[in-house]
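Protein chains: 2
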Amino acid sequence: MDVISVIRTKRDRGRLTDEQIDWVIDAYTRGEVADEQMSALAMAILLNGMDRAEIARWTAAMIASGERMDFASLPRPTADKHSTGGVGDKITLPLAPLVAACGAAVPQLSGRGLGHTGGTLDKLESIPGWRALLSNDEMMGVLRDVGAVICAAGDGLAPADKKLYALRDVTGTVEAIPLIASSIMSKKIAEGTGSLVLDVKVGSGAFMKNLDDARELASTMVGLGTDHGVRTVALLTGMSTPLGLTAGNALEVRESVEVLAGGGPADVVELTLALAREMLDAAGLKDADPEKALRDGSAMDHWRRMIAAQGGDPDAPLPVARERHVVTASATGVLTGLDAYAVGVAAWRLGAGRARKEDPVQAGAGVELHAKPGDQVTAGEPLMTLHTDTPERFAYAIEALEGGVTIEPAGTAYEAAPIVLERIA
Amino acid sequence: MDVISVIRTKRDRGRLTDEQIDWVIDAYTRGEVADEQMSALAMAILLNGMDRAEIARWTAAMIASGERMDFASLPRPTADKHSTGGVGDKITLPLAPLVAACGAAVPQLSGRGLGHTGGTLDKLESIPGWRALLSNDEMMGVLRDVGAVICAAGDGLAPADKKLYALRDVTGTVEAIPLIASSIMSKKIAEGTGSLVLDVKVGSGAFMKNLDDARELASTMVGLGTDHGVRTVALLTGMSTPLGLTAGNALEVRESVEVLAGGGPADVVELTLALAREMLDAAGLKDADPEKALRDGSAMDHWRRMIAAQGGDPDAPLPVARERHVVTASATGVLTGLDAYAVGVAAWRLGAGRARKEDPVQAGAGVELHAKPGDQVTAGEPLMTLHTDTPERFAYAIEALEGGVTIEPAGTAYEAAPIVLERIA
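Going down the list, the protein sequences come from chains Y and S.
Residues in the first sequence are numbered from 1 upward in steps of one, following the working numbering.
Residues in the second sequence are numbered from 1 upward in steps of one, following the working numbering.
You can trust all of the hints, since none of them are fake.
Just a few of them, taken from the derived set where beta-carbon distance is under 10 angstroms, the chain Y residues facing chain S: (1) Arg11; (2) Asp35; (3) Ala40; (4) Leu41; (5) Ala42; (6) Ala44; (7) Leu46.
These are computed hints drawn from the structure, not numbers from a lab.
Values in this document were obtained by computation on a predicted structure and should not be read as measured data.
Note that CB positions come from ideal geometry on N, CA and C, so glycine has one too.
With the rest of the complex left out, here is chain Y:
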């Protein structure tokens, strides 16, 4: 087998054979295929595509590059969720303990943020003492005792994906549906969950800017999961506007706790419940009542136990940024647009996100919104508050927000788009 012939096959719009795919993934993981060869292949895949059978084999080869976990010994059915990433998307935080409170086991392996979308682990690390890194035994222990665990994926799961993802990140080859789908699904299938709900974001703040691309990504992933025996469902959800009223690490933890306490912004509550119902349904727990679990405090109880089991103090005050800057409305009228990408970049520049994998994040940094699309605003009144430990960043954050806020005359009709746009199963 020869890597140049594999690259040429895809370059010339051919199908990769099973043998070519198995070989190239294995040889790349072993270092026999060089980074510059894999990046040329990734660009050819991005531009010329792969069919369903190629994507399935590519995913299987990445799973086969590492270990597989197994939750069959747990007394509860397992259900996991994956979001393709958005601005203010803190849903995993209330969702995992909520679904655990309803009887499923939630083995949530999460990542860190890169670019304008935040990472679940970064958010939870703003809780004093909380640890993302657990051994497999520790993870199983928390899962057994609490029913939910949120932690970093070990190095052993799909190492080919880990290497390929880092390469795609620096070679302009991230935005390829076959590669995104196989990257997500290889980790989720190797993780061993019995059912999986995918939250595929659509809009300015998401990877997928339009519904067609999101639909293709979602149905590709649902097909991959189903083929591997994982009950998989996808919701396409809106990401043109930030979720909730916060984008930032500690800011989002605070909002998540509000939801678990029975309050919180309506869109966050709605999406959390929609995903919880899908997870419980996929796990076969059709009679579970997640609304009740929010109301009666059992979801909050699971949250506190989950945080404590990983060394965190659920009662400790959350970090607060050293400096704040209030952005006021430039006009009086109806807020009709609040661009998710602009807010995401602003939060990132304030210190909530990182530009490179090695960068630290600020726990307290981010954007706090005082109005959402559809709300009346008054010129000179607060629209949002920017938080950071490094006030020299305010100017860059404000620059990112330029053009991201639209205010129209009072009386302008505004119709909110639904949160859940489509369901793909």
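Fit chain S to the known structure of chain Y by using the hints.
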């Protein structure tokens, strides 16, 4: 400037700006842009193309990456030739001394072979004592004294191209017309020739398999040369059948000397004269008579002086392979097809070519043809002789020839295609 945004521009079918091109070539040469990033960009260029202005700027940036030579001090006009490579293409050997004998100076910087096409330097190195590597001063000395020099290009010319060519070779990104054209022309323009004739091969044994691609490559290169003040002409010439009766290093030197002695195969003589006339014309020597220079021995005289000036002994016996194997005709009739690619791969496998840059070549190895398309052949009589020092390779060479020889019943009409198919100026 950020390499990922440059890659994304081309990936998304945009135009690269002058600033993006200048920066990415310079940053790649300095090692700031990594190989895996450049190979992703090369694949995006291969699949999405570049327009004329982008190719011109890319070429200029590669020229600017190194030194430029200058032949203005020579008393004669300079003319150079470049062939895109074919099987049995030894034309440079008789052509350079022939054109020098007619009054032009020929600074022929050549390369080594890779894959199924031979390299001019490999061929000349089969002459005992001959040296390909000259200092710039030595090169100017031979050019001044003899009028023609064939030597290796120094490391100082277009180093960006050197690095990029090596990368393309291992990443399946060789076959991109913008990259081929800019690679060839950056070296030829940096070399400083006043006029240039391009021999763009078309057919099974060439890079360009069809006339449309060859035409596009030729006109792209003619435009680049003209824009840089080099009088540039291209001939599209056939490469479906090997040129002449030999493919191999010493074998082709022997045939070239036959041409210089006034003999040799008709197709080699025809193409040598056609290219010589174009070179002399482009150099402004419209009254030169290359046919006479072949007849009267002055071309041969320049050959002998050129070889001797680079340490070679023009009278020394050429190396001969240790083993031979005769391939006979399988039927009686008319030879209507002799595939250039099949013969090229056979010669390569016999040891005339190399698979990797570091590999040595055998001076005596190759294929000697006893018939050409249009000739009558008789079953059981010799069709070609294979030469090698390593007889275990005969089987692989014979395998390469399978399907490459077509014999039709006696009386079948055969019309030879012309050597020169088109002229582009």
